[in-house]
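This is what each chain is made of:
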Amino acid sequence: MKQHSGQDVGSGLAGVFELHRHDLARFLAARCGDSEEAKDLLQELWIRLSTRAIGPIANPRAYLFRMANNLVLNHTRCRHRTMLRDRRWLRTDGDERSPEDRSDPDLLADEQIERQQEVEILRSAIDALPPGAQRALRLHRLDGHDQGEVGRIMGISRSGVEKHLAVAMRHLRNALADRGYFAPKVSRERGTTSAAKPRTEERP
Amino acid sequence: MIREDETGNSRSIFDAASAWHVETSRDDMDWEGFMTWLAADPRHRSAYDQIALADSLVEEHRDNLHEHDVRQAGRWRRPLKWSAGLTAAAAASLIAFFAPHFLSAPMATYQTFGSTEQVALEDGSTVLLAPRSRLVVTGGRDEKIELAGGAWFNIRHNAARALAITAGQVEITDIGTRFDVQATDGQVRVAVAEGEVQVSSSSLAQPVHLHSGDALLFDGEGGRAAVSKLPTDAVGQWRQGRITYEETPLSLVIADLARYSGIQVEIGRALRGRLFSGTLVVSNGKAALRDLSQLMGLELHHDRSGYRLDERER
Numbered sequence: 009m010k011q012h013s014g015q016d017v018g019s020g021l022a023g024v025f026e027l028h029r030h031d032l033a034r035f036l037a038a039r040c041g042d043s044e045e046a047k048d049l050l051q052e053l054w055i056r057l058s059t060r061a062i063g064p065i066a067n068p069r070a071y072l073f074r075m076a077n078n079l080v081l082n083h084t085r086c087r088h089r090t091m092l093r094d095r096r097w098l099r100t101d102g103d104e105r106s107p108e109d110r111s112d113p114d115l116l117a118d119e120q121i122e123r124q125q126e127v128e129i130l131r132s133a134i135d136a137l138p139p140g141a142q143r144a145l146r147l148h149r150l151d152g153h154d155q156g157e158v159g160r161i162m163g164i165s166r167s168g169v170e171k172h173l174a175v176a177m178r179h180l181r182n183a184l185a186d187r188g189y190f191a192p193k194v195s196r197e198r199g200t201t202s203a204a205k206p207r208t209e210e211r212p
Numbered sequence: 004m005i006r007e008d009e010t011g012n013s014r015s016i017f018d019a020a021s022a023w024h025v026e027t028s029r030d031d032m033d034w035e036g037f038m039t040w041l042a043a044d045p046r047h048r049s050a051y052d053q054i055a056l057a058d059s060l061v062e063e064h065r066d067n068l069h070e071h072d073v074r075q076a077g078r079w080r081r082p083l084k085w086s087a088g089l090t091a092a093a094a095a096s097l098i099a100f101f102a103p104h105f106l107s108a109p110m111a112t113y114q115t116f117g118s119t120e121q122v123a124l125e126d127g128s129t130v131l132l133a134p135r136s137r138l139v140v141t142g143g144r145d146e147k148i149e150l151a152g153g154a155w156f157n158i159r160h161n162a163a164r165a166l167a168i169t170a171g172q173v174e175i176t177d178i179g180t181r182f183d184v185q186a187t188d189g190q191v192r193v194a195v196a197e198g199e200v201q202v203s204s205s206s207l208a209q210p211v212h213l214h215s216g217d218a219l220l221f222d223g224e225g226g227r228a229a230v231s232k233l234p235t236d237a238v239g240q241w242r243q244g245r246i247t248y249e250e251t252p253l254s255l256v257i258a259d260l261a262r263y264s265g266i267q268v269e270i271g272r273a274l275r276g277r278l279f280s281g282t283l284v285v286s287n288g289k290a291a292l293r294d295l296s297q298l299m300g301l302e303l304h305h306d307r308s309g310y311r312l313d314e315r316e317r
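Chains A and B are the protein sequences, given in the same order. Just so we're aligned, residue 9 is where the first sequence starts under our numbering, counting upward by one. Just so we're aligned, residue 4 is where the second sequence starts under our numbering, counting upward by one.
Treat the hints as calculated values from the structure; they're not laboratory data. It should be emphasised that the depicted structure is a prediction, and the values quoted were computed from it without experimental measurement. Do not take every clue at face value.
Claimed, not checked - Here are a few chain A residues that sit away from chain B, every Cβ distance over 10 Å (derived from the structure):
1. Lys47
2. Pro139
3. Ile161
4. Gly163
5. Gly188
As the list claims (entries may be wrong) - With the C-beta cut set under 8 Å, the calculated list includes, among others, these residues of chain B facing chain A:
6. Arg48
7. Arg65
8. His69
Glycine included, every Cβ here is placed at the ideal spot set by N, Cα and C.
I would like the entire structure built from these sequences, with the hints used as guidance.
Rendered as structure tokens:
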């Protein structure tokens, strides 16, 4: 992994890519669970590397894997937003117009409401975190300190920071899951709270 | 958890998933071990997706979740807040309702600031005007529209009517369709979601016909136009708080961040033409900016004077 000298940056990373192409392909396949999507993403990764100059990187292999992992996350995010949007349409069963006939501001307003709800869910979930996990998450995600800096500020080890952050992420995921954020279909009959469904006030 | 029941099991899966997720930022992350774990059970992948989505949602809403919002507000221009935009959206639909009345005047000007505005044309066609944009509608049977900034057009086809839209140096005619126009600093982008349009300019030898899924980038300085393909659901995606780019010059991406996120970024001249492909969540400007800098391998600086993107130092 040390063959990367820091000169000849763009092609250097492309070289590292070739070296790890097989591993990256395996990783993308395991991460996507879909070999076609994995192939596309590997291609996308290669295009990104070959069309852009990227500065010298201490650990190019880790960098490539992270980049691949981020690509998958980006796609997952897009897909998830699409799922939420489709679900919004399905949920407006009181509204007899078909999605095509509904005006854009309706949907935009719905999305704004949902995004506001996301903020509220996250805010209360963060407030409810154990103190250490909460501080680590705020420093890392909201103040933008890297994990090493968070450790220095809190006076704990890097692995201590990781444990706090892992606890925080699991709690946030649970809070979102409880409110139906990940559910692929309309399945909010159970445990629906007033805050989770303001639409009912608008469309009696 | 010793019991092998479903809850116990999935709980340990989510523990493991978040531990892996946190570890990915380490240079000595065990990617082989991660792969083995992912491959061991399909539930692992879905658990990891959920953890990563939850984390990225925190990033997306970072500005709204910040404890020190007030302190920061004085230091930089706050990005467009959808929450604050709610009332504006309600107001915009009211305007749309009354617009035909306004349009009996020969000319109407619409200027948006932090939110969007829906403009209704006489024949029932609509224009959704992007934030920080301006639309001038000159009424009558042969309507003329001038656009500076961004707008989503949903125009009813009417062969008897000659509607022309001017954006920068280009003119869009033969319209009966849904399409998006972005006009920024001499550069104009036209993307068609449905139907077709014709784009012409005095600096183009002949008009360009665009069909569904076509995206045109017109460069005013060079007087050139390039047509590429864009998935139709990515056309006018800013309405959902996102923008998808395909080999787009960074200068335009930066201009979009200013328009859609209210976030000002400076870039060096050498970076202006660098191409970017990817999707940015522009409803959260700072997160979009971080994503952009990471995806392009650029250094993001922030100080009193604002944000700046630079090459990584060698």
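(message) Using Cβ atoms and 10 Å as the threshold, tell me whether glycine 163/A really stays out of contact range of chain B.
(response) Given a closest Cβ separation of 19 Å, the condition holds.
(request) Mind checking the CB of arginine 65/B against every CB in chain A and telling me if the closest is under 8 Å? (result) Check passed: Cβ of arginine 65/B comes within 6 Å of chain A, closer than 8 Å.
(request) Compute the least Cβ-Cβ separation between glycine 188/A and chain B, then decide whether it is above 10 Å. (result) 12 Å, holds
(request) Evaluate the condition: distance from the CB of proline 139/A to the nearest CB of chain B exceeds 10 Å. (result) 14 Å, holds
(message) For the restraint on arginine 48/B, tell me whether the closest CB of chain A is nearer than 8 Å.
(response) 5 Å, holds
(message) Over 10 Å from every CB of chain B: does isoleucine 161/A meet that, or does the non-interface label fail?
(response) The claim holds: isoleucine 161/A sits with its nearest Cβ about 15 Å from chain B, beyond 10 Å.
(request) Examine each Cβ of chain B, and state whether all of them lie more than 10 Å from the Cβ of lysine 47/A. (result) 17 Å, holds
(message) Min Cβ distance, histidine 69/B to chain A: is it shorter than 8 Å?
(response) Interface hint status for histidine 69/B: holds (5 Å vs cutoff 8 Å).
In this structure, none of the earlier numbered hints is contradicted; all agree with it.
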